[in-house]
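Protein chains in written order, with the working numbering: chain A, -11 to 166; chain B, 310 to 473.
Don't take each hint at face value.
Here are the simulated lysine to aspartate or glutamate pairs, EDC-like style, with alpha carbons at most 20 Å apart [to be verified]: (1) B:370 x A:149; (2) B:325 x A:5; (3) A:30 x B:472; (4) B:435 x B:460; (5) B:370 x A:35; (6) A:91 x A:128; (7) B:471 x A:152; (8) B:431 x B:460; (9) B:442 x A:132; (10) A:112 x A:60; (11) B:471 x A:98; (12) B:435 x B:425; (13) B:383 x B:401; (14) A:121 x A:152; (15) B:435 x B:391; (16) B:471 x A:154; (17) A:30 x B:378; (18) A:121 x A:60; (19) B:471 x A:149; (20) B:442 x B:472; (21) B:442 x A:98; (22) B:370 x A:152; (23) B:442 x A:35; (24) B:370 x A:154; (25) A:91 x A:104; (26) B:442 x B:400; (27) B:347 x B:336; (28) B:383 x A:132; (29) B:383 x B:408; (30) B:431 x B:374; (31) B:435 x A:158.
Keep in mind the hints are simulated off the structure, nothing from the lab.
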Amino acid sequence: MAYQPSKRSSRSPAPIEINMFPMMNLMVVLVPLLLSTATAIKIGIIELNLPQAAGGPASELQLPKEPKQNLDLTVTITSEGLYLSSVQAVLQDPADGGPTLAKNADGSYDFQRLNEMLVEIKRKIAGGSLDTKRIILQAESNIDYQTLVSTMDAARSFVVDDAERELFPEVSISAGIL
Amino acid sequence: MAFIPSRIKKHDTSPKRVSLNLTSMMDMFTIILVFLLKTYSTEGQLIHPSENLTLPISSVKNPAEIALDVVVSKEWIMVNNEPVVLISEVEEQPGLIIEPLSRMLQRYATEARRMEEMYGVKFSGKVTIQGDKALAFRMLIKVMATCGRSEYPNMRLVVYQKEA
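Chain A with its partners taken away, still in its complex shape (with noise of 0.2 Å):
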């Protein structure tokens, strides 16, 4: 009779670890490096668009075919709310004579409406000879600063399906305080 082993002695295979803490380490040194310079919040900067000076080299005074008019849209930041106006008329509240657009009842400003008049403004101007990027933002002595840079965000782009265009992208500055 051939020789059978004994069951009792037959072992299951040991189960076959990795060594992991080569990968362990690797990742110990990655994870903070990269922590370390991720950036959470991101910075930006709105530049400035100041008005060209007269002078200058020939070379750089190239006119237009056809020269624009200026329609020195502005629009104006008061404790109020805000105005639009042209170099030709002011846009007021046919109500109350008051402000173009008044402030919310939470006393905050209406910018989704503001871009919206915007746009219009844009669209029955675009086409003709009137100046179609700039725009002027003057405001009162009090007025903080995130309200000048939301207004000139409302200025400066809308958004339709989900893509940015171009609204008045030229925002100036007026240097008079009301």
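Got chain A; can you put chain B on it based on the hints?
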């Protein structure tokens, strides 16, 4: 008859090998690593916002760039982290031009022009203005007017970018 455990087993005090299960930790690290690599930016942070102010939030997409740094915090006006004049003093003065700031900017402009002559580093007249979000418009105009008069007409306002 009651169970009597083996004497050898009863006195077995040799330490057993305990292995740590690292799989779940590896999973976590892998996810974090992939996320961080995805959001990693080689550009880095060119502008470090000052501690004494909160910048306004804007939807602007232009990235920050290096320029002379003018900070208008709640108490001080600083140029390249060097205090120049107290805000309370500026509030009291009637004119638009802030004299101490103008002197400091002109010193930087003179230095930059000398660098331009010696090493060919072009002087662009760029200045970045960091202002607190509660800063009054009259103060901003004073700072801007001073920068414009002191050979730094290319002004940029530093803001926090709004999350998409």
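> Going through the earlier hints one by one, which of them does the structure break, listed in rising order?
Replying inline: none
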